[in-house]
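Construct the complete structure from the given sequences, taking the supplied hints into account.
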Amino acid sequence: MSAFSRGTRNVYRNKPRGLVLILILALSVGLFVGLSQATRALTTQTKNLTRILENTIEVRNAGATGMGQGVELIPEQDVVGVKTVEHISQIEKQLLVRNVYSEYFPTISITTGNEPGKPLRVATHGEPAAVRIIAGRDFTEQDQGQNVAIIGQVYAENRDLTVGATFLEPGGEKAQAGGQELEAVITEIEVVGIFTSNFAFGDNQVFLPLKTAQRIYGLDGGISVLWVTVDEIGNVEAVETALRDEFGGTRDVLTGQSKVRFVSQSFDRILVIGKISLLLSLFVGALVVIFTMVLTTQERIKEIGVLKALGASNWEVAFQFIVETSTLVLVGSVLGLASYSTIGPTLINSLLGLDTQTGIQPGIEMGLAPVSSLVSIEYTLQPSVIVLTLLATLAFAVLGSLYPIWRALSLPPAEALRYE
Amino acid sequence: MNNDIISLKGVTKEFRQGATIIHALKDITWNLSNTGKMVAVVGPSGSGKTTFLNLVGALDVPTSGQVIVDGTNIADLTERELTKYRREKVGFVFQNYNLIPNLSVLENIMLPMEFARTPKREALARALGFLGDVNLEHRQKQKPPTLSGGEQQRVAIARSLANDPDIILADEPTGNLDSQTGAEIIGLLKGLAHSKNKTVIIITHDEGIVKIADEHFMLRNSKLTEV
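The listed protein sequences derive, respectively, from chains A and B.
If you're matching positions, the first sequence starts at 1 in this note's numbering and goes up one per residue.
If you're matching positions, the second sequence starts at 1 in this note's numbering and goes up one per residue.
No lab work stands behind these hints, which were simulated from the structure alone.
Values in this document were obtained by computation on a predicted structure and should not be read as measured data.
Even glycine gets a Cβ: it sits at the ideal position worked out from N, Cα and C.
A few of these clues could be false.
Only pairs whose alpha carbons sit at most 20 Å apart, straight line, appear in this in silico DMTMM-like list of lysine to aspartate or glutamate [said to hold, decoys possible]:
| id | chain 1 | residue 1 | chain 2 | residue 2 |
| --- | --- | --- | --- | --- |
| 1 | A | Lys83 | A | Glu115 |
| 2 | B | Lys120 | A | Glu316 |
| 3 | B | Lys84 | A | Glu316 |
| 4 | B | Lys196 | B | Glu122 |
| 5 | A | Lys302 | B | Glu107 |
Just the calculated beta-carbon pair ranges, DEER-fashion [stated by the list, open to error]:
| id | chain 1 | residue 1 | chain 2 | residue 2 | range |
| --- | --- | --- | --- | --- | --- |
| 6 | B | Lys9 | A | Leu388 | 36 to 44 Å |
| 7 | A | Ala338 | B | His23 | 53 to 61 Å |
| 8 | A | Trp315 | B | Phe15 | 23 to 31 Å |
| 9 | A | Ala338 | B | Glu88 | 40 to 48 Å |
| 10 | A | Leu411 | B | Asp164 | 27 to 35 Å |
| 11 | A | Phe4 | B | Ile22 | 18 to 26 Å |
| 12 | A | Leu19 | B | His138 | 32 to 40 Å |
| 13 | A | Asn14 | B | Ser195 | 50 to 58 Å |
Encoded structure:
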C-alpha cells in the first residue's frame with residue numbers, strides 16, 4: 001500500500017462528504033468551462049460583427065427607408081460609378097419589396113432580391129442580424145434567375161412551408177418598392193432553404209435571386225440598396241467621402257458606426273457578466289479546494305501524528321494528502337467536463353435565451369430578440385481545453401493543499417496526537 | 001562502560017499555556033539498562049508520564065537536558081534523523097490504538113515497513129508473522145472498526161513490532177479495555193519483551209500492571225524513582 005494508493009483511497013473514506021465535494025467541484029468546473037466557452041464565443045462574435053459592420057457602407061436613395069418604401073430605386077448603372085472608388089473589396093446589390101399580408105402576423109414581409117453567393121442581409125430597423133440557414137441550402141450561382149427562395153422560419157411556420165415546398169410570390173394584398181405599388185407576375189417559387197436571423201421581423205422575410213425578383217416585380221435593373229465592403233477599416237472614411245462625392249447628395253451613404261456602437265455596448269455588457277461569472281466559478285472552485293484541504297487536514301491532524309510516530313517523513317505524509325486532494329479535484333474536473341459535454345450546450349442556450357435544442361432564437365414573437373442570439377457558440381471542447389483545465393485544477397489542488405498540510409506537519413507529533 | 005539503553009539527564013519539558021508556563025517534567029535524571037524486560041512507569045494524573053514517553057519516543061523534544069538512547073542524544077537529531085529514529089528504534093502502542101480505519105489489519109501492520117522501504121513481499125511475510133504472534137491471522141483483511149477493543153490493541157502491538165525496534169513504548173495500553181482483556185494485553189507485551197528481547201515501557205496508573213512489570217518507577221513531583 002503506497003502513499004499514492006492511500007491518498008486515492010482516502011477520497012472515499014467519508015463517502016457522503018467526498019461525493020458532495022466532488023459534485024461541488026464538478027459544478028464549478030462545468031460552469032467555468034461553459035462560461036469560458038460562451039465568453040470566448042461572445043468575444044469572437046463581437047470582433048467579427050464589429051469588423052463586418054465597420055467595413056460595410058450602405059448606399060440608398062436619399063430619403064429611402066430601406067424597407068421597400070420611400071423614393072424611387074437606384075438605377076443599376078450607379079454601380080459602375082461605385083466600382084471606380086478605391087479600396088472597395090465587394091459590392092452587393094439588393095432589391096427590397098414590401099409585401100402586405102392581412103392574414104398573417106407580422107403583416108409586413110420584405111422580399112429581398114439578393115445576388116447568389118453574396119451574404120443574406122435581412123432588412124432591419126437597426127437591429128443587429130446574423131442570418132443562419134437552418135434547413136436546406138444557400139443560393140448558388142446557378143440559382144440566378146431561377147424560381148427558388150430562401151425563407152425565414154416565421155414565414156415558413158406561418159405558411160407551413162418546408163424545404164422543397166412551393167408558394168406563390170407575391171402572395172399578399174399589395175407589393176411596393178421604391179415608393180410605388182407594383183404590378184407583379186405571380187410565380188410559383190420552390191423553397192430551397194430556411195433561415196433564422198435574430199428577430200421575428202427578420203424571420204418573416206424572403207430571399208429570391210436578384211434577377212428573379214426583378215423579373216417577378218417588373219423592376220429590371222432596379223436596386224434598393226448597395227452594400228459596399230471596404231478592404232480595411234482605416235479606409236472606411238475615405239470610401240464614404242468618395243461615395244458622397246460620387247453621388248452628390250442624391251444617395252444616403254451610411255456607415256456602420258451606429259450599429260457598431262449598438263452591438264458593442266450590448267456585447268460588452270454580456271461579456272462583463274460572463275467574465276464576472278467566470279471569476280466567481282473560479283473563486284468557488286478555489287474555495288472548495290482550500291476548504292476541503294483545511295477540513296481534511298484539520299480532522300486528520302491526529303492521524304498525521306500517528307503516521308509520523310510510525311516513521312513517515314513529512315514528504316510522505318504531504319504526498320499522501322496531495323494525492324488525496326488531486327484525486328478529488330481530478331474526479332470532480334472529469335465529472336464537470338463530462339457534465340458540460342452533456343448538459344452544457346442546453347444550459348448555455350438557456351442562459352443566452354436561445355432555443356435549448358437548436359441554439360436558435362425561436363422567432364415566433366414580434367420584437368427585438370436578445371443580442372445574445374447572434375452568437376454561434378462552439379460547444380465542443382477542444383482537447384487542449386480539456387488538458388489545460390485538468391492541469392490547471394491539478395496545479396490549483398497542489399498549491400491549495402500546501403498551506404494546510406504545512407501547518408499540520410509543522411506540529412510536533414506529540415501535539416498532533418493530542419488533537420481531537 | 002555505560003550499558004544504559006535509555007538515559008535522561010536533567011530533562012525539563014515546559015509547555016506554554018497563554019502567559020503561564022507549565023513544567024511537565026523538571027530536571028529529570030533517569031537511566032534504564034538491560035533489555036528484554038517490561039518496565040512500568042506510574043504516577044498520578046498530570047505528573048508528566050505521557051510527556052516522558054513522548055520524549056523517549058522522539059515525538060517531542062525537551063526544553064532542556066538530554067534524552068540519550070543507545071548513545072544518541074535525541075535533542076541533537078535533525079528532522080530527518082528523528083523520522084529515522086521513530087521508524088527504526090521505537091514502536092508505539094497507544095491507549096486509543098490509533099489504527100488507520102480505512103486500511104485492513106494487515107495493511108496497518110505493513111505501514112511502518114512501507115516507511116522503512118521494506119520490500120513488499122518481505123513486509124507481507126513479516127506482518128503475517130506478527131499477526132500470528134498476536135493470534136489475529138483470521139482478522140487480517142478486516143478493517144479496524146470491525147474489531148473489538150482488545151483485538152485492535154493486539155493489532156497495534158503487532159504494528160509496533162513491524163520494524164523490529166529495540167524499544168516498545170505503550171501509553172496506557174489497557175486504558176480502554178476491560179480488566180480481563182487488559183491483563184491479556186499486558187501478558188502479551190511482557191511475553192514479547194522476554195521472547196523478542198525488547199524493552200517495553202508501559203505508562204499506566206493500573207496497580208495490577210505495576211505488579212506484573214519486571215521493573216516499575218514512580219513519576220511524582222518531577223522525580224522518576226524506582227519503587
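Hint by hint, here is what the structure shows:
1. Our distance criterion of 20 Å between C-alpha atoms is met by A:Lys83 and A:Glu115, whose separation comes to about 16 Å.
2. At most 20 Å may separate the alpha-carbon atoms for a hinted pair to count; B:Lys120 and A:Glu316 meet this at roughly 17 Å.
3. Distance check on the hinted pair: B:Lys84 and A:Glu316 sit about 13 Å apart at the alpha-carbon level, within 20 Å; holds.
4. About 19 Å separates the Cα atoms of B:Lys196 and B:Glu122, which keeps this hinted pair within 20 Å; it holds.
5. Only pairs whose Cα atoms come within 20 Å are accepted, and A:Lys302 paired with B:Glu107 is accepted, the gap being roughly 19 Å.
6. Checked against the hint of 36 to 44 Å, the pair B:Lys9 and A:Leu388 fails, with Cβ atoms roughly 59 Å apart.
7. A C-beta distance of roughly 60 Å is found between A:Ala338 and B:His23, which places it inside the suggested range of 53 to 61 Å.
8. For the pair A:Trp315 and B:Phe15, the beta carbons lie near 28 Å from each other, so the given range of 23 to 31 Å is met.
9. Checked against the given bound of 40 to 48 Å, the beta carbons of A:Ala338 and B:Glu88, roughly 47 Å apart, stay inside it.
10. Take A:Leu411 and B:Asp164: their Cβ atoms lie about 28 Å apart, and the range 27 to 35 Å holds.
11. Distance hint check for A:Phe4 and B:Ile22: the Cβ-Cβ separation is about 41 Å, which falls outside the suggested range of 18 to 26 Å.
12. Between A:Leu19 and B:His138 the CB atoms are about 33 Å apart, so this pair conforms to the stated range of 32 to 40 Å.
13. Under the hint 50 to 58 Å, the C-beta atoms of A:Asn14 and B:Ser195, about 40 Å apart, miss the expected range.
Violation of the numbered hints given earlier is confined to hints 6, 11, 13; the remaining hints are satisfied by the structure.
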